[in-house]
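S.K.: So you can see what is in the structure, the chains are spelled out below.
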Amino acid sequence: GEDVEQSLFLSVREGDSSVINCTYTDSSSTYLYWYKQEPGAGLQLLTYIFSNMDMKQDQRLTVLLNKKDKHLSLRIADTQTGDSAIYFCAERQAGTALIFGKGTTLSVSS
Amino acid sequence: GAVVSQHPSRVICKSGTSVKIECRSLDFQATTMFWYRQFPKQSLMLMATSNEGSKATYEQGVEKDKFLINHASLTLSTLTVTSAHPEDSSFYICSASLQGGHWPSYEQYFGPGTRLTVT
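Quick note, the sequences are listed as chains A and B, same order. Counted from 1, the first sequence has number 90 at position 90 by our numbering; the numbering is strictly sequential. Counted from 1, the second sequence has number 5 at position 5 by our numbering; the numbering is strictly sequential.
Just chain B, same shape as in the assembly (with noise of 0.2 angstroms):
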């Protein structure tokens, strides 16, 4: 099946640093790919949503400016922690659609996670 990978898997990063997570679509071209966000025993909440070539689609109270998304190709997407604090700490997942995010209702595979401790 479709293989979504995320790198890095661990990262720890002092308060302050920018740290840039990738996602890539292993063997497939993904128009649309979705990060998220989960803290311990929470749920995914939807950040945001990078569609190639054109701007992400930010969920209401996710800053832009410091969750900067690039979806420069279809097999990659990466998010930058931008001056990271500790409560960006967290389990960050990306998601890859195989046909922009409609048929077939399957389609949507989930990377790993990256796991963000900013010390």
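Okay, chain A solo, but in the shape it has when bound (with noise of 0.2 angstroms):
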């Protein structure tokens, strides 16, 4: 079945990039995510990629996606206070609902 992994923490300091890793299983998403979550919110969307691209750069958001070895990564640039959030990796075929992984807890220290 289908399965998204991500670490569970990652640590930095302001200024600093963030990596945030992400691997998935079902070779026929389609569409992958990168969703936001600060503390007892709701999700924001933050980008999105389709399974056909590699790269996609939204100001200091780059996406990357190795579909042979289904890795999705999300780079940070200038990693703000305000960044520190839950940011979930999600998958999905056309016409079906999304699939999260568990998240991954950013804390950025000033």
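Mixed in with the good hints there might be a few duds.
Quick list of in silico lysine to any residue cross-link-like pairs, SDA-like style, CA-CA up to 20 angstroms [stated by the list, open to error]: (1) K41(B) x T23(A); (2) K36(A) x F39(B); (3) K102(A) x P40(B); (4) K70(A) x T23(A); (5) K102(A) x L46(B); (6) K70(A) x N21(A); (7) K36(A) x F91(B).
Example chain B residues on the side facing chain A (calculated, C-beta under 10 angstroms, incomplete) [claimed, not checked]: (8) V4; (9) S9; (10) R10; (11) S43; (12) T49; (13) C94; (14) S95; (15) Q108; (16) F110.
Hint data in this document are derived by calculation from the structure and do not stem from the laboratory. If you're wondering where the values come from, they're calculated on a predicted model, not measured in any experiment. For glycine and all other residues, C-beta sits at the position ideal for the given N, C-alpha and C.
With the hints as a guide, bring the two chains together.
M.R.: Okay, here's the thing in structure tokens:
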């Protein structure tokens, strides 16, 4: 079945880059997403990538996709304390619900 | 952008009672809504997919008689936790899809979640 794996914790200093990694098992996934969840809040879509893309950049966010290895990463440049949150990787095929990883807690220290 | 609201944001109820959670799409019509459950430090687990005007499709292991879902209109879906027990305490999140979960890919918008505590 489908499975999405992420490391659980990442700690960085303010101003450094953060890289959050994710692996998935469903090779037929069409879309891959990164969501951010702040404490006690719902999910905010950060960015997404189609499975036929290798990279997508959006301001401080860079998503890299290695489809052969089923590996997805999210790089946050110039990480700020406001970036502290839980980041979820998710995948889906067209017309189906999202399958989420367990989330990576990013802690940014000043 | 599209906004999804949930009500209440937080609820505490006694064991054995029922609780209704509402999910509304405020500025768009959602043919499909999804209900998720999130345990502390855990991922979101899909509970059911709700299509307007038809019965919800439940994921394996989710009791449909305990978690009643009604999607009566294109802007409202409700989740009722019947005869709640402490193990039902969780964070319940809904999401709404602009075009039935199909194209474009990023059309699924999440509500802010409802924290249910059963005492």
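S.K.: List, from low to high, the hint numbers that the structure doesn't satisfy.
M.R.: none
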